[in-house]
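Undergrad: Just so you know, the protein sequences line up as chains A, B and C, in that order.
Okay, so the first sequence: first residue is 1 according to the working numbering, each after it adds one.
Okay, so the second sequence: first residue is 607 according to the working numbering, each after it adds one.
Okay, so the third sequence: first residue is 1061 according to the working numbering, each after it adds one.
None of these hints come from the bench; they were simulated from the model.
Errors might be hidden in some of the hints.
Derived lysine to any residue pairs resembling SDA-like cross-links, with alpha carbons at most 25 Å apart [unchecked claim]:
| hint | chain 1 | residue 1 | chain 2 | residue 2 |
| --- | --- | --- | --- | --- |
| 1 | B | Lys867 | C | Leu1196 |
| 2 | A | Lys95 | B | Asn811 |
| 3 | A | Lys95 | B | Gln961 |
| 4 | B | Lys867 | C | Ser1181 |
| 5 | A | Lys95 | B | Asp652 |
| 6 | C | Lys1416 | B | Gly822 |
| 7 | A | Lys95 | B | Ala1007 |
| 8 | A | Lys95 | B | Asp814 |
| 9 | A | Lys95 | B | Ala942 |
| 10 | B | Lys999 | C | Lys1416 |
| 11 | A | Lys95 | B | Asn880 |
| 12 | A | Lys95 | B | Gly889 |
| 13 | B | Lys867 | C | Ala1197 |
| 14 | C | Lys1118 | B | Ala1007 |
| 15 | B | Lys999 | C | Leu1196 |
| 16 | A | Lys288 | A | Val531 |
| 17 | A | Lys6 | A | Glu39 |
| 18 | A | Lys95 | B | Asp939 |
Examples of chain B residues lying across from chain A (beta carbon under 10 Å, computed) [to be verified]:
| hint | residue |
| --- | --- |
| 19 | Val733 |
| 20 | Leu886 |
| 21 | Gln888 |
| 22 | Arg1036 |
Virtual Cβ for every residue (Gly too), placed ideally from N, Cα, C.
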Amino acid sequence: MIFRRKLLAVFALTVFLSVGGVATLVLIMTRRAFEQNEEQRTAALVAQFQREFTRQGDDIARRVGEIAASDAVSRMASAVAGPTPDLAGYFDAAKSLAESRQLDFLDLVDAHGTIISSFQSPAKFGYPESGFENLSAAAEQRAFLAQEESTDSTALGLFAVRATRGFEHPVYAIGGRRLDSTFLSTLDLPADMRALLYHNHGDRFSREWLIGPQAGNSPDAHPADRFEPLVDAVRKSNQEMTFKISWSSDQADDELFRAIPLRGLGKERPLLGILLIGASQRSYVELKRHIRASALLVGGGGIVLAILLSSWAAARVTRPVEQLARAAQEVANGNWDTRVEVPGYDEVSQLADSFNRMTSELLSHRERLVQAERVAAWRELARRLAHELKNPLFPLQLTVENLVRAREQSPEQFDEVFGESARTLLAEISNLKSIIGRFSEFSKMPQPQLQALQLNETIANVAQLFHAQLQAPGRPPIECRLELDPQLPLVDADPELLHKAISNLVLNAMDAMPLGGTLTLRSRREDGHAVVEVGDTGTGLTREERERIFTPYYTSKQHGTGLGLAIVQSVVSDHKGRISVQSESGRGTTFMIELPSSVRDARLGN
Amino acid sequence: MKRIGWLWLVVSSALLASLAAETRPQYGGTLHVAMRTAVSSLDPADTGGVDSFARRSLMRLMFDTLVTMDESGRVQGWLATSWQASGPQRLQLRLRRGITFHDGNALTAEAVAASLRSANPSWNISVDSDSVTIEHDNSDSLLLAELALARNAIEKKMSDGKPSGTGPFQIAEWQPGKKLTLTTAESCWRGRPFLDAIEIEMGKNYRDQMLALESGKAEFIEVAAEQFHRVSVDGREIASSAPMELTALLFSREATSPDDKALREALAYSVERNSIRSVLLQGAGQPAGSLLPNWMTGYAFTFSAEADLNRARHAHAQTRSNPTWTLAYDPNDTVARLLAERIALNARDAGVTLQPSTNATADLRLVRIPLASANPSLALTALASATGLSVAKTKSDSVEALYASEQALLATRQIVPLFHLPASYAASARVKGWTVNRDGSWSLADAWLENRQP
Amino acid sequence: MRIAVYNSAIPDVTANTVPRATRSILPFIFRLCFFLIVVSCLAAATDWSVPEQQLARKIVAITGPGAVSLSVENRSSLSRRDNDIVQNGLRSALEGTGLRFVKPEQSAANLTIFLSENASSYVWVAQIQQGGGAELAVVIVSTPRAAGGSSAGEAVPLSLRKTPLWAQESPILDVAVLEEGATPVHLAVLDAERVSLYRMQGGRWQQEQAMEISHARPWPRDLRGRLIPGRDHLLDVYLPGVLCHTAGSPPALSCRESDDPWPLVSGATGGNDLAVFPSAGLANGASTVVPRTAAFFAPTRNFFTGVLTPAVGKFAIVPHFYSAALVPREKYSLWLFATTDGQVHMVDGISDQTSKFGWGSDIANLKTSCGAGWQVLATGPGISADSVRAHEFPDRDPVAVSSAVEFPGAVTALWTEARSDSAVAVVRNRETGSYEAYRLAVACSQ
């Protein structure tokens, strides 16, 4: 599985990096394209403004020309030419003329520059018109930008001057339109662009001079003070500038402003206003966000897809390996005949093939080993049998040869000899029968009849049984110590067989302590198991002895069939227990039998 | 000026108004009147009501005074037939007999005394069977002039609180400040008026009034003085009163320092009254250097109304401070804005900075004050009272004493007279018999509607 | 705008009341003097010396005696002659106080005197500039102005068609010529309060008698009235709701409330309520006899109710009318009624035909020896005020037979005189505000 995950991770990372890289590239390219587009749009708008400016200027000049040529102004010019001109009746003439031509400003001025009638400042009649050095020259010009000052306000306007024709002392019509929100709203702007006008008045920036395209250009949402740096910069440099204003933390609210200085007439061409053309960054930012979101979506989808595909691919790639690993695990567990499929001819297939060959090799090897072991056991059995049987057979042979010689050499004594020889023969035959009986018994070990058993009882019975033998006179005494755990769990066991197994161990211990010693019978509880220990303080076992001690027919003793421990092991194994030995040469040996606790006991909670 | 200006105006308007007026007065019809002032009370003694030509006109429709002033400024009997001094500063007025109020009750000396007392709590009035005697602290002529004022018209409070008068019309419906409907008083002691009813719409500006006249919704309207010559077209009749309204600059406080006085002097000298009159006022009215017009006093020309920029600059040069004064004007008065702007321009030439404003709390205001009476002494006293200025009381009725009082008022530099303007009116050609009184009010008592058959 | 007759001051106001019994003569003597003599001789009669002396004293109190420069400017309605008189008087008065007049450059004080006026007084203002200073001293005197206009009967120019009869300040309702030779010598003048009798004596009209009219109810506005010379007494006076007769000698006037109809037909009485008009040079030479039709006048209005007595043919009632005129035909009489709706109804006893001739409210008929013998006078708009023109009715359409006679104001009354060949027109003079009565007669030469 780890291999599959690693593979998956590698796949996903690769896809992620690829998608991310592509998205970034697209973003950068989009931004560039947008910036170019913005520049083009702003440039188009500036051009449009200038066209509009010119068109409006021509329109104003035409209208002012119409006013100058109107009957009303001609009558005024005739009245001016009279000997005692009474112009009082004309003082509000400019109002109707201006309104009929939709002009915001109109002054009617005599040849000396004295205002006869003013639309925007009606109270200014009789005052000299300011701002014109040469009215007759201005009357020949196209429209121009100028500042109109009244008693309580100042306004920026597009003006034209025209004179009545055919009079020695003409009347000049100075008319214009206010550059205000209405004018700005006449500019044909795309939806996300807007134009503002800053009327350059006074020394310092003031929000009241900033004019938006409509009254609803809420100053609260867009505080005009934010334009101050831009306006100040343009006023200083007197050049076109671009400036970005962030209205909020949301980038979509940002606006990119192009500031264009507007200059008036005259030698100095004073800076009268600043046109601010703003392009909202919203569409750009939203597209950017859209692209980013798309990239994330595509990337995320790609990654999920990649994971799915990768897991499929990884599964496909790793399945033979996993099979191999499982097969190896099986082999490790002893199932040596485990085999794996060999799907094709790739490296993994070769590996699987090698594995299969390896297991088959191992299997054949083991069979040979088992056969060799069996042969060796048989040989050991034969040697043991030969040894066991040779021992009684030799006295039998001697006895029979004695009989023969006694018949031949001393028939008188034959009877005597016969009687004695007969007893010896019978004894030896009995010995033979005993040996054969033991072998028979081993081969006929019965299936255990399990029952819940209190092990401590069995141990105590064994100790009771051997008590006399341990204390038998004529031999060095062996002390028997019982260390029984009263909390020992019940075990499912056959009492007979278990009794036999412990007895065998006690016999072995007695054999191991010819000079006397201490026999320790101990029970304890360990990890839910019941453990029985039988320890002696005898000579101990060598390492080799320890390794071979449970082999059937092996014995370290001069007498014995070598079946005792084999029987013990067989019994323990039949009880699903385990037997082990601890021994140190010269210090004694301890056998330990571990038996699983009874199912019933386990259910009781022990 | 060989002739008095108002006479020319009245005559000229009469000439304009008289063509094709050859039929006798006809009875019947309802006359629709529009006016600018929203009169809120019809009680003549209600001194809370601001004096206006409109209010005077309304009062004279419903109420009568004891005496009236004729075209020459002479006192004529009206509800009183005669009067005589019954002691020093005691005037006894004998009442005309047989006059009844609109509610049918007779006009008695007690009723007259009650009415006069409510209008003039300080007067001591006694009555006998058919005369009232007033003790006063003025000259007899001033008292008589005061009795001729609309606010001293004789009224009788009815049980429902409405005033009842003896005039040619009585109240039919009254929505204060909006509409007044009057019906004819059948038993009027001067004869039943020709009209059956008069409906008066209030609070209409000049433009709306003109539209109402043109559309036939009103037959009688007020005309802004500066529009007087422009509205004279066929099918319409116009007339003006004597110049009876003072247009002036009124400072909100007294001049506190020599600098302040000098600045005010500079302002007064800077205003080009003549060109403003000829242009903005289109020749209406007269430039004023005095508070009272010349036709009233005969000496007004001694107070120069000419602009003198040199004197203005000279006065300004003596000052060290140069404050910016705010000049308030009535935003509903179109010519007032122009006047204020022009005065600000003129003042700027003299170095005085004026900021026209519609804010009521300004340093000075452009005011229009209707002069209370054709009697100059009474007019000056009332003017001083209306502007919050104090005028020394003189026992003498002489022109010289009047001159001294007016000169003292002007010397406070708290008021700068600008113009004396007439009250002007226009009526549909159907309306006959209407007149404009010298005090600026109109009279419709004898008006009638010509019933023109197509 | 008609300057209405009923809007003038109440005429019986005086500053001091006098007993009613003695009031009848005195005010009229005063009025007569005032209108006919005093006003025309105002300049000569006015004593300017008092204000001249006052002003001189006030001036010298400031300047002290010495050399002054003097200029006098007239800003009042004083005539050139009065102006000269006043200026001379002022100079004399000033010299009398020790002042000498020199050129301005030689003077210690510059004295400018303005002869001004206000509504009620002449106001003389002296401005004194002393020692070249900017400060001016001002002294003022005033003297009351004479009131009213200056026109009187004699001042009205004569005309072939209109003859001035009488002028006065208060409204004239009617004038009756009681006696005349070449010109009228005995007049009765009706106004709202009285009938006044005047007699020409020594080239001047003298008031003979003034007879007060008593009436309980207030007069209606636009008051109208008629003076009809009686058959057996001097006058009948018809006023709205009031009828007065004179009786006795000197005549006394007795009035009563009455709704008696007002006679519409003048002319000699032929008995049986018929009026007889002699042929007066007509071609057929026959007299014209018409019923003495009368009409009821609304007592609180300014018009006739339209009820006629006797009826004109089948018409006993016609619409309200202001005035009527008669045009007798051979077999019937055509009546013209100037009705209150501005139209003229032509009633011949059988039909009532309505027309609009653009006439005014007042019409009257004349029986003359000229033209068709019967003319109808009708008011109409003139150039600046009202005019009256004569018309004839060959059929039912008027034919103007004279040029329009212009009047200096609105015609407030037009009545056929008793002698039938002339009419009295009363006009309110637009400029002076006074009322002037004229006799209108048609001259055949026209």
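Undergrad: None of the hints should be skipped; say for each whether it holds.
TA: Do the hints match the structure? See the list:
1. B/Lys867 <-> C/Leu1196: Holds, at about 19 Å.
2. A/Lys95 <-> B/Asn811: Given that 25 Å is the threshold and the Cα spacing comes to 20 Å, the pair holds.
3. A/Lys95 <-> B/Gln961: Roughly 23 Å separates the two Cα atoms, so the pair holds.
4. B/Lys867 <-> C/Ser1181: violated, 35 Å
5. A/Lys95 <-> B/Asp652: violated, 43 Å
6. C/Lys1416 <-> B/Gly822: holds, 24 Å
7. A/Lys95 <-> B/Ala1007: This hinted pair is violated, its Cα atoms lying about 48 Å apart.
8. A/Lys95 <-> B/Asp814: Status holds; Cα separation ~19 Å.
9. A/Lys95 <-> B/Ala942: Satisfied, since the Cα-Cα distance of roughly 17 Å is no more than 25 Å.
10. B/Lys999 <-> C/Lys1416: Answer violated: B/Lys999 to C/Lys1416 is near 63 Å, above 25 Å.
11. A/Lys95 <-> B/Asn880: holds, 22 Å
12. A/Lys95 <-> B/Gly889: holds, 19 Å
13. B/Lys867 <-> C/Ala1197: holds, 21 Å
14. C/Lys1118 <-> B/Ala1007: holds, 14 Å
15. B/Lys999 <-> C/Leu1196: Distance ~24 Å between B/Lys999 and C/Leu1196 Cα, so the pair holds.
16. A/Lys288 <-> A/Val531: violated, 76 Å
17. A/Lys6 <-> A/Glu39: With Cα atoms ~49 Å apart, A/Lys6 and A/Glu39 exceed 25 Å; violated.
18. A/Lys95 <-> B/Asp939: With a Cα-Cα distance of about 17 Å, the restraint between A/Lys95 and B/Asp939 holds, given a limit of 25 Å.
19. Val733: violated, 56 Å
20. Leu886: Holds. Min distance 7 Å.
21. Gln888: holds, 7 Å
22. Arg1036: Hint on B/Arg1036: violated, closest Cβ of chain A at ~30 Å, above 10 Å.
Hint compliance for this structure: hints 4, 5, 7, 10, 16, 17, 19, 22 are broken, all remaining hints hold.
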